[in-house]
Amino acid sequence: QTTRVTPSVRLACALIGVSRCPGNMAAWSTLIRSAGEKLQKTRFLLPKSLVNNVVANQVPTRAMSGHFVIQPTRWQWHKTKDMVHFYFMVAAIPLSILTFCVNIFVGPATLTPIPEDYEPKYWEYYRHPISRFLARVIFNNPQKDYEKSLHVIWQESQVMKLRELEKRVWDLQAERQDYRYHYFLPYDNTAVRDFRELIKHDRDSIE
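In the working numbering, the protein residues as written are 1 to 207.
Quick caveat, the hints were computed from the structure, so don't treat them as lab data.
Note that beta-carbon positions come from the ideal geometry of N, C-alpha and C, so glycine has one too.
Where hints are given, some of them may not hold.
[To be verified] No farther apart than 20 Å at their CA atoms in a straight line, the calculated lysine to any residue pairs in the SDA-like style are these:
1) LYS167 x ARG180
2) LYS121 x PHE105
3) LYS161 x GLN173
4) LYS121 x ARG132
5) LYS121 x TYR146
6) LYS144 x GLU156
7) LYS121 x GLN143
[Unchecked claim] Derived Cβ-Cβ restraints for the label pairs, each shown as a range:
8) HIS85 x THR112: 38 to 48 Å
9) ASP171 x PHE133: 52 to 62 Å
10) ALA92 x VAL137: 31 to 41 Å
11) ASP178 x HIS201: 31 to 41 Å
12) VAL169 x GLU197: 31 to 41 Å
13) GLN143 x VAL102: 20 to 30 Å
14) GLU156 x CYS101: 21 to 31 Å
15) THR112 x ALA92: 33 to 43 Å
16) TRP123 x ARG74: 14 to 24 Å
17) GLY107 x SER149: 45 to 55 Å
18) VAL106 x LYS161: 47 to 57 Å
19) VAL84 x SER149: 17 to 27 Å
20) VAL152 x HIS78: 25 to 35 Å
21) TYR122 x PHE100: 23 to 33 Å
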């Protein structure tokens with residue numbers, strides 16, 4: 001019984017030096033086996049990583065672990081560590097380097113006489129450069145805070161006086177029992193005065 005051999009199989013057999021070319025499937029098996037044997041013989045001419053990859057791909061391996069351990073999740077712990085490492089790298093290390101450089105190259109301030117006709121700024125009373133920067137850029141002016149606190153005290157004192165006046169009014173109303181309540185309607189005598197003036201004018205004109 002003869003089998004038909006394709007031209008590609010014939011070419012492969014000629015490349016590996018097989019005189020008698022079998023069928024298609026047998027030819028490809030022979031080709032792979034012969035290529036592996038020649039690769040083992042000539043592997044010193046090729047890179048070691050390439051040889052290991054080719055040999056490893058030819059041998060079937062079981063790349064699986066022995067068993068799966070069921071345990072509680074540690075996602076929150078790993079997330080916390082990641083956040084701590086992130087903010088430590090972003091904030092703590094740069095701030096430490098900045099503080100070190102400021103202390104080395106700038107240093108704390110020293111007391112000097114104040115020139116005439118010059119009023120120091122409030123942040124100039126701090127000794128350390130970082131404290132001066134924070135007082136100037138981030139924190140409020142102490143004088144403004146003091147004035148705002150005085151305004152709050154004055155406003156509360158005015159409210160206290162108004163409450164005392166209101167209490168006195170209620171006490172007098174309860175004592176005298178004579179006061180204007182919500183049903184009292186004040187009388188407007190403008191029309192009466194106008195009518196009186198009109199009568200007086202007519203009387204004078206008659207006389």
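ask   = Which hint numbers does the structure go against, in order from smallest to largest?
value = Per hint list: 2, 10, 14, 16, 17, 19 and 20 violated.
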